[in-house]
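Q: Residue-level listing of the chains:
Number of protein chains: 2
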Amino acid sequence: MQEVAIIGIGQVPVAEHWDKRLVELAGDAVFAALADAELSQVDALYVGNMMAGQLDKQSHLGALVSDWVGMRGIEAMTVEAACGSGALALRTALMAVASGIVTSALAVGVEKMTDTSPGETTAALATAASADWEGIHGVTFVGLNALIMRRYMYEYGWQHEDFAPFSINAHANGVNNPNARFQAPITAEIYKRATMIADPINLMDASPIGDGAAAAVVVPADLVKGRKGKQVIKIAGSAVATDSLAVHDRQDPLWLTAAEKSAKEAYLQAGIKPEEIDFFEVHDAFTIMSALSLEACGFAERGQGPRLALEGEIFTQGKIPVTTMGGLKARGHPVGATGMYQIVETVLQLRGEAGPAQIDGAKIGMAQNIGGSGATVITHILKAD
Amino acid sequence: MQEVAIIGIGQVPVAEHWDKRLVELAGDAVFAALADAELSQVDALYVGNMMAGQLDKQSHLGALVSDWVGMRGIEAMTVEAACGSGALALRTALMAVASGIVTSALAVGVEKMTDTSPGETTAALATAASADWEGIHGVTFVGLNALIMRRYMYEYGWQHEDFAPFSINAHANGVNNPNARFQAPITAEIYKRATMIADPINLMDASPIGDGAAAAVVVPADLVKGRKGKQVIKIAGSAVATDSLAVHDRQDPLWLTAAEKSAKEAYLQAGIKPEEIDFFEVHDAFTIMSALSLEACGFAERGQGPRLALEGEIFTQGKIPVTTMGGLKARGHPVGATGMYQIVETVLQLRGEAGPAQIDGAKIGMAQNIGGSGATVITHILKAD
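Chains as they are written, first to last, in this note's numbering: chain A, 2 to 386; chain B, 2 to 386.
Only chain A is shown next, with the shape it has when bound in the complex (with noise of 0.2 angstroms):
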């Protein structure tokens, strides 16, 4: 296979962008990714989005987002897997430059959700679940969350302080992140004041929703072999496993099957071992799910994701390093593009350019992207050049 590179980034910040049309924030992102990459023109563009055709009554996202960046005629469509659409894009990109069809595409992932009542935008979220089993129930995705969660502290016997480290050191992050929804500490106190919102999950272990668009070039590595510029960044391992829609369906409800699956194949692929990744961008959609992603990953043994947060170890300081620009919880999750968020932030980590959020000597970074409760998990390791 061909090996593939990453050249040029591009995001606008997470936030209520009342302003700017969905095609405008991803215009804005695929233009500061081309010039970040010196380009002005690729063969292809994919975007990631989930929700445009329920909330901007706006489908084939594809054509319109490539005629408004001023490439008109270019091979073009949106993927989707709920939240993981934005990492399909790249996804996609990666495919369509490794098999030879291209020789440059863009990916952008883009999700416009503060326009709409909170109800429609609660609506369309469900979708991500399973319709018949879930969504029929009338159970939103804080509310399928909270359920995992609360079976989850029954089981291994957490208390819901415990989950405090995640939130907290993702605030924390958030802070030296310029394009984070928010951008301010949490404390301890905070954290366990928080509105109740589905018990036993606040408002502290929630992501925030938002508007916003990420975007990356990709070209083959040879292509950009010694290049003068920006570091180059290599995609060393990409992988996509599904599991169940239905939580109620899968063998063990706390077991994040897919996530480990994709971030197996991800290792194999890049001949590495978890320890060797440097720092890794979880998709803390809630707290839950930092806890479960980082077990199924191999960083934490079953059921103890919590104790690896109290002990520290995901703090910047710390053995794996998680949320390093805010994650979903501090930056915002805009669906659609909290992948390609991971993927940019993940770049500039690696290129030294993450600024007061730098990880000291970072080469190898880690993103995981998820959609739904787990039903589709997309995980990318890059590679400093």
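Just so you know, these hints were derived from the structure itself, not from any lab. Misleading hints may appear alongside valid ones.
Same chains, same names: a pair is fine if it fits in one copy or spans any two.
[Claimed, not checked] With a Cα cut of at most 25 angstroms, we get these calculated SDA-like pairs of lysine to any residue: (1) K21 with H138; (2) K226 with L40; (3) K265 with R73; (4) K58 with G139; (5) K265 with T104; (6) K274 with G74; (7) K274 with G101; (8) K21 with V140; (9) K58 with T115; (10) K58 with L148; (11) K21 with I137; (12) K58 with P254; (13) K21 with G139; (14) K58 with R22; (15) K226 with E4.
With chain A fixed as given, assemble chain B onto it according to the hints.
A: Showing chain B alone in chain A's frame:
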């Protein structure tokens, strides 16, 4: 690039499937394709779908369908470009296999459109057009095509009845397709007297919606060289091109630039001229679209698509038979599935398995799937090995 072949196909009849959920329709097509390929498992599954999030309250179809067909865990995602979503599933499967990332993949197109109210379905379809410039005015898809057809008639001096052969041919061919929604011929009189929908488009100019699913299994061509059993069909050309979503924004609203571009690229890949195509599965969502596609693909002069039809060249014994299994008009147009129906029908013809619809000596077939009013066009050229 790794050469890729189709080794299995499957479909369900296009109908009002009120007794089947979307995942069951997709599953039935997948099971048929697997049986036809004599396989029980593939590495990845790509779903072409446009409207499940809006109409079925179900996004995230990749994982859902994979699980339903007994392949929980494999790579999966949804791809979308409005009514062009189906062919994009094949395009994505091709890229995945050609890149070497997977060695077998399923492409399945699926749509369920008749369980919702006509108003809901029409509104969902309108998201294929530009929400900002077209949808906002309340123009439906048939309305947009009516504007194009009216202008075309004015510009090139055609009468409404000149478009009759497209519809008559499609329905004549639909008689020979047991999976077609309509299997009865129509006369010039029926065409003329059909209910007006959006002047000049009447009921016989417009394709019917429907519920349906169609699928294909693809693998590297090398892997199945000299294979016993079903004939191997090669993907000789595959190309995607785009245009502006909004029709008014095109230099010439009567020319399908993206259709021309993707067809030319596909001819180049296949190393053939238009004259060498034995039959053409054209995207006849409306009779005007058939005319425009035939012109853009080089089968007729600009503005002369209806002449080709009036001279009988689009019929089974003509120079370029189109909609040989009924097309969108008679087979039906379950939008996200349509592109895969076209592929399945092309394979049937090339294998000589099209029954009474068989085009004698068909060796090279072309299928063109159009998203929106020409904003995304996917052209595939298939060859009997």
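Q: Please go over all the hints and tell whether each is borne out by the structure.
A: Consistency of the hints with the structure:
1. K21 with H138: between (35 angstroms within a copy, 20 angstroms between copies)
2. K226 with L40: within (16 angstroms within a copy, 41 angstroms between copies)
3. K265 with R73: between (39 angstroms within a copy, 17 angstroms between copies)
4. K58 with G139: Intra 23 angstroms, inter 12 angstroms, cutoff 25 angstroms: intra and inter.
5. K265 with T104: Close across copies (19 angstroms), not inside one copy (28 angstroms); limit 25 angstroms.
6. K274 with G74: Between copies, since 22 angstroms is at most 25 angstroms while 42 angstroms is not.
7. K274 with G101: between (29 angstroms within a copy, 24 angstroms between copies)
8. K21 with V140: between (31 angstroms within a copy, 23 angstroms between copies)
9. K58 with T115: both (14 angstroms within a copy, 19 angstroms between copies)
10. K58 with L148: between (32 angstroms within a copy, 22 angstroms between copies)
11. K21 with I137: between (33 angstroms within a copy, 17 angstroms between copies)
12. K58 with P254: Between copies, since 23 angstroms is at most 25 angstroms while 34 angstroms is not.
13. K21 with G139: between (31 angstroms within a copy, 22 angstroms between copies)
14. K58 with R22: both (12 angstroms within a copy, 24 angstroms between copies)
15. K226 with E4: Close inside one copy (11 angstroms), not across copies (28 angstroms); limit 25 angstroms.
Checked against the numbered hints above, the structure violates none of them.
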